[in-house]
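Let's have the full structure, built from the sequences with the hints guiding it.
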Amino acid sequence: MNVDSGFFVIQQSKKAQLTLSHIDFIGAGTVKQEGLALLLIEQCTFNLIDKVISHVPFISAIRGLLEINNCQFGSINESKLGSSVISCSSQCTYIIISNSNFNNLNSNLTNVNVKASGIVAIELGYKTSVELSKHTGGIYFGDNVIPISAQNNIFSLNSFTSQTDQSASDIFFASKELLDQSGGILNVASGYQYKQVSGSKQTGEVKIKDVSTNFAEYLNCITTKGTNCGDIPCGGKKGTIPDICLIKDSTADSSELADPDKIDDESFPIGAIIGIILGVLGVTAVFIIIIVVAVFISKKRKRVKLQGLYGQDMKAREMMNDSNWNEKIQDN
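FYI, our numbering numbers position 93 of the sequence shown as 93, with every residue one higher than the one before it.
Mixed in with the good hints, there may be bad ones.
[Claimed, not checked] Between beta-carbon pairs, the in silico distance windows are: (1) Gly199 <-> Thr45: 21 to 29 Å; (2) Gly239 <-> His55: 35 to 43 Å; (3) Asp143 <-> Leu40: 22 to 30 Å; (4) Asp143 <-> Ala37: 22 to 30 Å; (5) His22 <-> Asn228: 40 to 48 Å; (6) Asp231 <-> Glu177: 18 to 26 Å.
[To be verified] Result set (SDA-like, lysine to any residue): computed pairs, CA atoms no more than 20 Å apart in a straight line: (7) Lys209 <-> Ile148; (8) Lys225 <-> Glu177; (9) Lys209 <-> Glu177; (10) Lys237 <-> Asn220; (11) Lys225 <-> Leu186; (12) Lys237 <-> Gln151; (13) Lys237 <-> Ile148; (14) Lys238 <-> Thr213; (15) Lys176 <-> Lys225; (16) Lys195 <-> Lys237; (17) Lys176 <-> Thr213; (18) Lys238 <-> Asn214.
In case anyone wonders, no lab produced these hints; they're calculated from the structure.
We treat Cβ as the ideally placed atom computed from N, Cα and C, and that holds for glycine.
See below:
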């Protein structure tokens with residue numbers, strides 16, 4: 001069965017279980033789960049029409065239960081999907097994705113409501129339990145989602161062109177606290193494997209919010225080799241995130257620049273600079289005054305000395321004149 005227009009909307013179902021099986025879905029927005037009962041989607045394929053860019057998910061789970069098994073998302077050609085493949089929101093209490101392949105999906109997420117790119121976006125669900133198993137890809141765990149399991153998954157050629165600061169093409173955890181409650185990244189993402197495609201340099205990405213580390217290489221090594229992988233990278237252990245691997249907060253930098261009185265290792269506050277300048281000017285003025293006074297005193301002393309010498313010379317001349325005058329009188 002091919003579905004190339006419209007979509008399935010499951011509403012107000014409380015008890016009956018609905019199964020969608022062996023269906024080729026062409027186009028996004030084809031399945032929307034709004035009922036309370038379980039919706040099972042198995043052995044189905046989801047693709048876009050060539051060169052058509054879509055901005056809605058293939059599957060949206062607004063509430064209820066959702067199970068996806070043995071399905072194929074994407075194809076050999078890159079899918080221009082401007083959204084997540086599967087979106088699970090607040091009232092969807094349980095979602096299981098197993099034995100499914102996510103291939104060559106470029107998630108161009110620009111919606112401000114989606115905090116990180118990914119092929120499966122699970123957001124805003126209060127204590128939503130999520131279990132994903134073999135061969136799934138591109139998973140985003142939202143702020144209030146308990147990531148019970150994302151084990152034994154194989155990822156290949158998942159990418160994103162999101163403009164958000166923190167994103168991951170394979171797995172992204174928006175809450176380190178909830179991740180630790182589920183056993184930590186080594187437990188939740190156990191069995192992670194990135195399949196390197198021939199001719200492609202693209203590598204896997206597994207990240208935690210506020211942590212700069214990419215855990216994909218380490219997790220892939222643990223899965224494929226088991227030993228000689230070294231210690232878990234910075235931020236991967238349960239508990240507090242070390243400062244050394246935290247992503248620097250640009251807003252903090254801005255606040256520091258905005259505070260003129262804040263002192264750091266590279267700059268002085270404006271007040272201190274002004275004080276230093278005034279101090280230098282004051283000291284310079286004092287030195288100038290001292291020099292002027294010294295010059296004045298020196299000149300005054302020299303003048304007094306000259307006057308003294310001049311007086312002595314005049315007195316000597318007068319005495320000589322008097323002596324000569326007396327001699328002349330005696331001769332006469």
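Evaluation of the provided hints:
Separation of glycine 199 from threonine 45 is about 25 Å and conforms to the stated range, judged on CB atoms against 21 to 29 Å. Under the hint 35 to 43 Å, the C-beta atoms of glycine 239 and histidine 55, about 39 Å apart, fit the expected range. At roughly 28 Å, the beta-carbon separation of aspartate 143 and leucine 40 lies within the given 22 to 30 Å, and the hint holds. Evaluation of the 22 to 30 Å hint for aspartate 143 and alanine 37 yields a pass: the beta carbon distance comes to about 27 Å.
For histidine 22 and asparagine 228, the Cβ-Cβ distance of about 44 Å falls inside the hinted range of 40 to 48 Å, so the restraint holds. For the pair aspartate 231 and glutamate 177, the beta carbons lie near 22 Å from each other, so the given range of 18 to 26 Å is met. Of the supplied pair hints, the one linking lysine 209 and isoleucine 148 holds, its CA atoms being roughly 17 Å apart against a limit of 20 Å. At most 20 Å may separate the alpha-carbon atoms for a hinted pair to count; lysine 225 and glutamate 177 exceed this at roughly 29 Å.
Of the supplied pair hints, the one linking lysine 209 and glutamate 177 holds, its CA atoms being roughly 10 Å apart against a limit of 20 Å. Restraint check for lysine 237 and asparagine 220: the C-alpha separation of about 17 Å stays at or below 20 Å, so the hint holds. Taking the CA atoms of lysine 225 and leucine 186, the gap is about 15 Å. The hint holds against a cut of 20 Å. The hinted pair formed by lysine 237 and glutamine 151 meets the criterion: a straight-line CA distance of about 17 Å does not exceed 20 Å.
For the suggested pair lysine 237 and isoleucine 148, the alpha carbons sit about 17 Å apart, so the restraint of at most 20 Å is met. A hinted pair counts as satisfied when its Cα atoms are at most 20 Å apart, and lysine 238 with threonine 213 qualifies at roughly 14 Å. Only pairs whose Cα atoms come within 20 Å are accepted, and lysine 176 paired with lysine 225 is rejected, the gap being roughly 26 Å. For the hint linking lysine 195 to lysine 237, the alpha-carbon distance of about 25 Å lies beyond 20 Å, and the restraint is violated.
The straight-line distance between the Cα atoms of lysine 176 and threonine 213 is roughly 13 Å, inside the 20 Å bound, and the hint therefore holds. Straight-line distance between C-alpha atoms of lysine 238 and asparagine 214 comes to about 16 Å, which keeps the hinted pair within the 20 Å bound.
Consistency note: the structure conflicts with the earlier hints numbered 8, 15, 16.
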